[in-house]
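**Q** I would like the entire structure built from these sequences, with the hints used as guidance.
Heads up: the sequence shown begins at 4 in our numbering, then just goes up one per residue.
I should point out that these hints are in silico values taken from the structure, not numbers from a laboratory.
Being a predicted model, the structure only gives us computed values, none of them experimental.
One or more of the hints may lead you astray.
Stated by the list, open to error - Restraint ranges, calculated between C-beta atoms of paired labels, are given here: (1) R76 to A50: 15 to 23 Å; (2) D80 to T9: 29 to 37 Å; (3) Y48 to R70: 19 to 27 Å; (4) K84 to I57: 17 to 25 Å; (5) E62 to E34: 29 to 37 Å; (6) Y45 to P83: 30 to 38 Å; (7) S51 to D22: 18 to 26 Å.
Glycine included, C-beta positions come from ideal geometry on N, C-alpha and C.
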Amino acid sequence: MGYRNTTLYTLKYAAEMLDEDEDFLHDCSIEMFSEDGRLSVYDTYPASELSETIVVFTEDGIDNLQRIINVRREMGDAPPKPAATIKRREP
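**A** Below, the structure is given as structure tokens:
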């Protein structure tokens with residue numbers, strides 16, 4: 004059996020990494036399942052149906068999410084990318 008990467012990335016981390024809006028990524032990820040690399044994590048005990056989860060992605064999940072983003076951009080169903088922060092040089 005080969006090496007399996009077990010690293011998980013939060014939705015916030017993925018948004019920063021892909022330079023996308025967090026709410027937009029959450030909307031894109033709703034159509035993903037665990038086999039697509041999207042998982043839900045409980046942060047409180049005991050967990051119930053009413054507990055809020057944290058959305059995380061595997062590396063394959065990040066790739067699948069990027070494909071969904073690209074399709075939505077091609078269809079014109081995506082917000083503009085967040086404005087990049089301009090760093091100014093000190094005089």
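**Q** Evaluate each hint against the coordinates.
**A** Verification of the supplied hints:
1. A hinted range of 15 to 23 Å for the beta carbons of R76 and A50 is inconsistent with their spacing of about 35 Å.
2. Taken as a hint, the range 29 to 37 Å holds for the pair D80 and T9, whose Cβ atoms sit roughly 33 Å apart.
3. Between Y48 and R70, the C-beta spacing of about 35 Å breaks the proposed range 19 to 27 Å.
4. For K84 paired with I57, a C-beta distance near 24 Å keeps the hint of 17 to 25 Å intact.
5. For the hinted restraint 29 to 37 Å between E62 and E34, the CB-CB distance of approximately 19 Å leaves it violated.
6. A hinted range of 30 to 38 Å holds for the C-beta pair Y45 and P83, which are about 34 Å apart.
7. Distance hint check for S51 and D22: the Cβ-Cβ separation is about 35 Å, which falls outside the suggested range of 18 to 26 Å.
The structure is inconsistent with the numbered hints 1, 3, 5 and 7, although it conforms to all the rest.
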